[in-house]
Structures are given as structure tokens and as C-alpha cells.
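Visitor: Listed below are the residues making up each chain.
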Amino acid sequence: DMKVTQMPRYLIKRMGENVLLECGQDMSHETMYWYRQDPGLGLQLIYISYDVDSNSEGDIPKGYRVSRKKREHFSLILDSAKTNQTSVYFCASSLLGGPYEQYFGPGTRLTVL
Amino acid sequence: GDSVTQTEGQVTVSESKSLIINCTYSTTSIAYPNLFWYVRYPGEGLQLLLKVITAGQKGSSRGFEATYNKETTSFHLQKASVQESDSAVYYCALGATQGTGSKLSFGKGAKLTVSP
Chain A
1 DMKVTQMPRY LIKRMGENVL LECGQDMSHE TMYWYRQDPG LGLQLIYISY
51 DVDSNSEGDI PKGYRVSRKK REHFSLILDS AKTNQTSVYF CASSLLGGPY
101 EQYFGPGTRL TVL
Chain B
1 GDSVTQTEGQ VTVSESKSLI INCTYSTTSI AYPNLFWYVR YPGEGLQLLL
51 KVITAGQKGS SRGFEATYNK ETTSFHLQKA SVQESDSAVY YCALGATQGT
101 GSKLSFGKGA KLTVSP
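Chains as they are written, first to last, in the working numbering: chain A, 1 to 113; chain B, 1 to 116.
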């Protein structure tokens, strides 16, 4: 069953707190992605990971970092969250190269107060 | 850079009527872009609706069609007769290889509501 999971689905944090968003996939895809989506905007790419410990900045990496220690797992970390990081975050995975179809998780709605 | 411009915001169509969601793309770096339509149903992640990788070709899925027109840089999504179950958000996307991975540039999305 090809699936991308995200945890948690909803999260409320206070400004300055640390945030950890988790993503998993069961397809052994090499490439994983983190996007954010804000009202009236398309998905914006935060980071790409090409495999374990092989990460690359996307279009809007400032304020975020990522960790990929296992191929099936990709984390997005917000150190000292800011109110303008309130958004819906999507994780995706795909085969290496391409551009191939990306498989998306259901999203995490993060609110930073 | 790469960008996608599509019909945005709310689109309301009566059941059994036809639909068109416009999409045009711009790229300065990709010789042969791949074009995608993704759909997001309520509470779910985006899923691929259709994909076309060759100019001049048409993709189709679930009654939806889109033709990759390199001359007009367009990839409009059409359906002859929509159903209530088609209510969702539709995103046009442009695909490019980035390093050894791939990158998608998305339009802002069009929220389709099909009224009975």
C-alpha cells in the first residue's frame, strides 16, 4: 500500500517553542520533500532530501531545518517557531530523478500563537 | 525561473455541465518540462490526476483531459460533465529535474464546487 503519513495532523504552539513535524513513507522512495501552503498561494518548497543525510534547500528554507536518518522517515524542525510559520505543511516522496509523480501526505495544520 | 498561472479561487459548476480550468506555464530553465494536474479532496493529501511529459500529447483520467500545448505554453484541464464527487481543489504543476531529484512548481489552486 503506497502511503505517506504525517504526524501530527494538527498542532498548536506558542511563539518561541520548538516544533517537530514527522513524515513517513512505505515506498522506499529516495527523494522526499517538505512544502508549506498558505491561503491564496501554491505549495512552496522548503527542503528536498535525496536520501539519508543528503538534503538540499528549496525555495523558502529560512527558519526551518530537516533531518533524514532513515530512508522512510523525514522530519521538519522549526527552532523557535514564529507566528508567520502558521501554515499547512505537506510532505511528499518520489523516486529519484524524474520529475516523477510525487506522493503526498495529508498535511499538518500548524498554528503558532 | 519557473512559474505556473492557473484559474484561482472558487469555481462553481452545476452538475453535468462542462468544466475548464486554465493553466499556463513559464520556464526559463527547462527545455522539456513535464506538466501535471494534482487534486486534493477534503481531508486528504494531493494526488496525481494526470501527467503529460511530451508536447502535443493529451493526458486523461477519471473523465478529465489536458493537452500539453508548447506553442501557447498551456495545459488546461477539461471535463465534459462534472459530478458532485469532483468537488476538490485542483493544482496545475510544472516539473523539472533539480540536482538528482525533481522539483514541482505549483499554481495557486482552483477550488471546484459542483452544485446539484
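Treat the hints with care, since some could be wrong.
[To be verified] Derived lysine-lysine pairs resembling DSS-like cross-links, with alpha carbons at most 25 Å apart: (1) B/111 with B/17; (2) B/51 with B/17; (3) A/3 with A/70; (4) B/17 with B/58; (5) A/3 with A/82; (6) A/3 with A/62; (7) A/3 with B/17; (8) B/108 with A/62; (9) A/82 with B/108.
Since the hints were derived computationally from the structure, they do not count as laboratory data. Quick caveat: nothing in here was measured; it's all calculated off a predicted structure.
Visitor: So, for every hint listed, does it hold in this structure?
Guide: Quick rundown of the hints versus the structure:
1. A C-alpha spacing of about 16 Å is found between residue 111 of chain B and residue 17 of chain B, which places the hinted pair at or below 25 Å, so the restraint holds.
2. Proximity of residue 51 of chain B to residue 17 of chain B is assessed by CA-CA distance (about 24 Å); at most 25 Å being required, the pair is judged to hold.
3. Between the alpha carbons of residue 3 of chain A and residue 70 of chain A the distance comes to roughly 16 Å, so the proposed pair stays at or under 25 Å and holds.
4. For the suggested pair residue 17 of chain B and residue 58 of chain B, the alpha carbons sit about 21 Å apart, so the restraint of at most 25 Å is met.
5. With a C-alpha separation of about 30 Å, the suggested pairing of residue 3 of chain A with residue 82 of chain A is violated against the 25 Å cut-off.
6. A threshold of 25 Å between alpha carbons decides the hint, and for residue 3 of chain A with residue 62 of chain A the separation of about 28 Å lies outside it, so the pair is violated.
7. Taking the CA atoms of residue 3 of chain A and residue 17 of chain B, the gap is about 33 Å. The hint is violated against a cut of 25 Å.
8. Only pairs whose Cα atoms come within 25 Å are accepted, and residue 108 of chain B paired with residue 62 of chain A is accepted, the gap being roughly 21 Å.
9. Using a Cα cut-off of 25 Å, the hinted pair residue 82 of chain A and residue 108 of chain B holds, with the two alpha carbons roughly 24 Å apart.
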